[in-house]
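Participant: First to last, the sequence lines map onto chains A and B. Sequential numbering from 1 applies to the first sequence in my numbering. Sequential numbering from 244 applies to the second sequence in my numbering.
Simulated from the structure, these hints should not be mistaken for laboratory data. This structure is a prediction, so every number in the text was calculated from the model and none was measured. Be aware that a few hints might be false.
Unchecked claim - Within a straight-line C-alpha distance of at most 20 Å, the following computed EDC-like cross-link-like pairs (lysine to aspartate or glutamate) qualify:
id: 1; chain 1: A; residue 1: 19; chain 2: B; residue 2: 659
id: 2; chain 1: B; residue 1: 252; chain 2: A; residue 2: 139
id: 3; chain 1: B; residue 1: 252; chain 2: A; residue 2: 152
id: 4; chain 1: A; residue 1: 131; chain 2: A; residue 2: 149
Said to hold, decoys possible - Anything over 12 Å on all C-beta distances counts as not near chain B; from chain A, calculated:
id: 5; residue: 47
id: 6; residue: 60
id: 7; residue: 183
id: 8; residue: 189
Idealized CB from N, CA, C, for every residue including glycine.
Below, each chain spelled out in residue letters.
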Amino acid sequence: MKVSRRVSDLICVSAKDVKFAWRGGRTVLAVADLQIDRGEKLFLHGASGSGKSTLLGLIAGVFSASAGEINVLDHALGTMSAAERDRLRADALGVIFQQFNLVPYLTLIENVLLPCRFSAARAARTGSTTKAQTTAALELLARLGLRGEAEEGRPASALSVGQQQRVAAARALIGAPSLIIADEPTSALDGASRETFIDTLLSEAKAASVVFVSHDVSLASRFDRSVSMSELNGAFASAVAGR
Amino acid sequence: MALISLAWKSARARAGATILTLIAIALSTALVLAVEKVRAGARAGFEQTVSGADLLVGARSGSVNLLLYAVFRLGDPTANVSWETYQAFAQRRDVAWTIPLSLGDSHGGFRVLGTNTDYFELYRYGEKRPLAFAVGAPFDEVHDAVLGAQAARELGYGLGDEFAISHGVRSAAFAEHSDHPFRVAGVLDPTGTPVDRTIHISLEGMEAVHVGFAEGAPRAIGRRPVGAPEPPQPEDLTPDAITAFLVGLKSRAATLRYQRDVNTYRREALTGVIPGVALAQLWRVLGPAEQALRGVSFLVVAAGLTGLLTTLLSTLNERRREIAVLRAVGARQRDVFALLVLESTLVAGLGAVIGAAALNLLLAGFGGGLEASIGAPLGRLGLSVYDACVVAAVTGLGFLLGFVPGWIAYRRSLSDGLTVRV
Chain A
1 MKVSRRVSDL ICVSAKDVKF AWRGGRTVLA VADLQIDRGE KLFLHGASGS GKSTLLGLIA
61 GVFSASAGEI NVLDHALGTM SAAERDRLRA DALGVIFQQF NLVPYLTLIE NVLLPCRFSA
121 ARAARTGSTT KAQTTAALEL LARLGLRGEA EEGRPASALS VGQQQRVAAA RALIGAPSLI
181 IADEPTSALD GASRETFIDT LLSEAKAASV VFVSHDVSLA SRFDRSVSMS ELNGAFASAV
241 AGR
Chain B
244 MALISLAWKS ARARAGATIL TLIAIALSTA LVLAVEKVRA GARAGFEQTV SGADLLVGAR
304 SGSVNLLLYA VFRLGDPTAN VSWETYQAFA QRRDVAWTIP LSLGDSHGGF RVLGTNTDYF
364 ELYRYGEKRP LAFAVGAPFD EVHDAVLGAQ AARELGYGLG DEFAISHGVR SAAFAEHSDH
424 PFRVAGVLDP TGTPVDRTIH ISLEGMEAVH VGFAEGAPRA IGRRPVGAPE PPQPEDLTPD
484 AITAFLVGLK SRAATLRYQR DVNTYRREAL TGVIPGVALA QLWRVLGPAE QALRGVSFLV
544 VAAGLTGLLT TLLSTLNERR REIAVLRAVG ARQRDVFALL VLESTLVAGL GAVIGAAALN
604 LLLAGFGGGL EASIGAPLGR LGLSVYDACV VAAVTGLGFL LGFVPGWIAY RRSLSDGLTV
664 RV
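For reference, chain A alone in the conformation it holds in the complex (with noise of 0.2 Å):
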């Protein structure tokens, strides 16, 4: 079955031989051959300043690479303009930070549909009309166990952290992202919440592959496979023997 498909439709993300500087800067990250299969669900561990956020930088488009190839959904970064790259990353990416995800003066409806607000194709994957979208984005923080605040209409500055960052999935999961990015998204939640949360983000991912970063190792166990920063990042390996 997989043989009669293209290799393309089956790798989410790949690069290879990329290296990226700051502008007249020493290389922070050389990543020699990384591959994300559509739908794996991919752990990343590393601690801060081992490239990570770089990284995630470039797949998400948001940075272009200093040298090598990055392809994403079968679109090569390296051939397009920083605008195409924002649309991929609207069309098809979701992204969640360690904190500070919500806007603060958006409803959290709102901020749940933000992605749609800058990809027409999302909205159309949420939900034909704004009532239908509006309907998905309740019903999706209703499954993270958000209805009555989201009812409420609250300001996103009234919840909890660990509400927020439910928000914040909800938001990267809303109209069907091929990619999830998640970076640290649990590392201000307690344990509990944080199990909780991993569990619900992956299922609700379903299709979608996922990067998940994060230093606590203890959490590689729920994913498909577990990377090293450390080990992929040859800039930052020869940097720390360097030192």
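Following the hints, put chain B in place on chain A, whose structure we already have.
Facilitator: Frame of chain A, contents of chain B only:
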């Protein structure tokens, strides 16, 4: 569309700072418009200090000089117009009416003007408005006087009060014509013109004051032998000369010919000026002050807009997070730029509209009272093209100022990437 609603919600979320900025911009916009309206109103009022008269004729001098003493009662005439000359020009066939004006004396700092009762019927100011009496009536007797509104108010005179007038402008006790007390026969309504500061008496009254005054000083008591008869009261009080006269012609078209005849009159050196033209000339003398006023009001707008820029720049740090979030959900860098430019434009535009609306509402409500007190026609200056231009200019400047925070956020979003900086 998405960006406009985001920019609006963002501005609303910082309501405190946004409202203060709005107030600053609204006030400064209102100030610019108010200055312009007062300026235009003052100019219109000024240029219509005298209206309806086709020509003002006096002894040969500059037109502004003639205007200053004959209309504004400022300074002294260099020479007079003889009664014969006045009669010659007054009785021409193309003349509809004339008003003689004879200046010289003063009382309590207010200039005394000798004229005849035609003055109260034919004199026009503003939009061809006639003089109206608050109390009393035009003078009837030789020693009757009609006071302008301000003169009556400041001197505290009412109907029937008597006062003496002094020779020359300065009130000097030694030179008062105390032999000839004048009686207040009427008080005029305020006009917002020099008429308000004028004491009107008849030409005969003025002549009576000066009988036996030919040397310019009262005769010393010692020089009149004791027992000598009182100086005679001449029966003929027709003056030898007047200061100037206003002319109304039967046909406006005759104005230039009449003016040429005045200016080339051989028996006496005369100057004839068209009041509106000379007033406009005089107003241009005040041009620099006008420009300074305008300049200051523009500086106030600059201050208001600087406040807007300061507010936007001070919010940039707290916005860093929300901008990272917007970038993560697919906002382009130019969207981030546009967001700040939009917010700046919205606040500036709204402020300008509020300012213009508030000023025009105030003028609609209180313009009439203001008009009466400063004598400038403000009430009829409603929303104008100038208002629209100022509102558009303030909005445009808000748009341009938005480029500053917009550009900073644009640059920052490039280096921040997907990292939320705290």
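Participant: Hints first: check each against the structure and report whether it holds.
Facilitator: Evaluated hints:
1. A/19 - B/659: 18 Å, holds
2. B/252 - A/139: With Cα atoms ~25 Å apart, residue 252 of chain B and residue 139 of chain A exceed 20 Å; violated.
3. B/252 - A/152: Answer holds: residue 252 of chain B to residue 152 of chain A is near 19 Å, not above 20 Å.
4. A/131 - A/149: 19 Å, holds
5. 47: 15 Å, holds
6. 60: 6 Å, violated
7. 183: Label violated. Min Cβ-Cβ 7 Å, cutoff 12 Å.
8. 189: It holds; residue 189 of chain A is separated from chain B by about 16 Å at its closest Cβ, greater than 12 Å.
Of the hints listed earlier, those the structure fails to meet are numbers 2, 6 and 7, in rising order.
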